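Trainee: Listed here are the chains, written in short residue letters.
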Amino acid sequence: MVQSHAAYDSKVEGNIIFTRLDSAINWMRKNSLWPMPMGLACCAIELMATGAARFDIARFGAEVMRFSPRQADVMIVSGTVTYKMALAVRRIWEQMPEPKWCIAMGACASSGGMYRSYAVLQGIDQLLPVDVYISGCPPRPEALLEGLMKLQRIIEKETPIKDQIAGIREAAL
Amino acid sequence: MSPKAKKAGKQRSDSSKLRKQFGRTKIREMREFRGEYTVVVKLEALGEILAHCRDVLGYELLLDVSSVDNMGDDPRFEIVYELATMDDRKHLRVKAPVSEGEEIASSVHLWKTANWHEREVYDMMGLRFKGHPNLKRILMWEGYPYHPLRKEFPLAGKPSEMPDVAFSGVAPLEGGPFVTSPGADRVRGEPRAKGES
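In the order they appear, the protein sequences are chains A and W. Anchor point for the first sequence: position 2 equals 2 in the numbering used here, and the numbering is continuous, going up by one each time. Anchor point for the second sequence: position 150 equals 150 in the numbering used here, and the numbering is continuous, going up by one each time.
Keep in mind that the hints were calculated from the coordinates and are not lab data. The structure presented is a predicted model; accordingly, all values stated were derived computationally and were not measured. Careful: at least some of the hints might be erroneous.
To be verified - In silico SDA-like pairs for lysine to any residue, Cα to Cα no more than 25 Å straight-line:
id, chain 1, residue 1, chain 2, residue 2
1, W, Lys151, A, Lys150
2, A, Lys84, W, Leu135
3, A, Lys84, W, Pro145
4, A, Lys150, A, Ala58
5, W, Lys158, A, Ser111
6, A, Lys84, W, Lys151
7, W, Lys158, A, Lys100
8, W, Lys10, W, Glu32
9, W, Lys6, W, Lys42
10, W, Lys136, A, Ala143
11, W, Lys7, W, Arg54
12, A, Lys84, W, Pro154
13, W, Lys26, W, Tyr146
14, A, Lys84, W, Gly72
15, W, Lys158, A, Ser117
16, W, Lys130, W, Glu44
17, A, Lys84, W, Tyr122
18, W, Lys158, A, Leu127
19, A, Lys84, W, Leu46
20, W, Lys112, W, Lys130
21, W, Lys112, W, Lys6
22, W, Lys6, W, Glu44
23, A, Lys84, W, Lys10
24, W, Lys151, W, Lys112
25, W, Lys42, W, Arg31
26, W, Lys158, A, Lys150
27, A, Lys100, A, Ala143
28, A, Lys84, W, Tyr146
29, A, Lys84, W, Phe153
30, A, Lys84, W, Val165
31, A, Lys100, W, Asp164
Taking the hints into account, I'd like the entire structure generated from these sequences.
Mentor: Shown next as structure tokens:
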């Protein structure tokens, strides 16, 4: 007897997962966050340690440090942002394609830190939207990884398709 | 004779040589403090004396150029040149008082390193150098309206705006700066806000 209805045949097809498009996109995005290493001070040393073998940021799919903003997804502002550097940081942020996220790593990037000074921007959130703040001076690599995982949890909850449709509607109006 | 005593002897003889060469009209004062020799000269004679230090006394190395703001005094500023030799056998500090608005003869033709040092003095303190080949700001951006190491400039900074170049704001000091009081007992010497913001 020949069965002719279309059905899932585990012997032939196998390994199929049903999901929503939003979830699939989020899953892909959160596991391939390419960082733009905005290393400005000593936090950058910890950032480098996080990228190296012992802490191994590759476990989270974020090992591809891109020194071109065009290829980056997340800007890790690690270090003291002086006023002289501030607009350059924003320019690089603006050169990053959407979707993009920002991690303010350490006290200086978050709030100016110990530099209550004429020369230092009092927190990078004055210039660009920050998703995750990491405390510490400098934070340990574990803290940066924790921040990255926090960002992954934020990305999990996003609704990229809905946002895109809303964007198209807005453009049509 | 210990190397330290030897060094002190060389420096002492150099400062007396300077006094003999230039006399009281050009040299205001000689000072010694713990083996460091300082010559305070008149600003008009600064270039001539620095050239003499390099060419005759052999100070071929300029370690640093800095400036001091003695607000309230007249003359208000002081310019400080730290001289040394390559083999570190002697040091000499040459100072000159500078009034507000007065120009200092540049030393770039004597020591190339003076180029950036004098730019820093100009940037931070606002003292101008005559004959400097490239007197522009070095730490702050061109167009920044203040000289931040002057005494009247607040630690927290002042707002400024240079479109597409840079801007600056006022840092929240929350009653600070928090500073220790030297000389006080342990409790009163702890860092405290001085309420200057």
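Trainee: Against the structure, test the hints numbered earlier, and report the numbers of the ones violated in rising order.
Mentor: Hints 1, 7, 9, 10, 13, 14, 19, 21, 22, 23, 24, 26 are the ones this structure does not satisfy, whereas the remaining hints hold.
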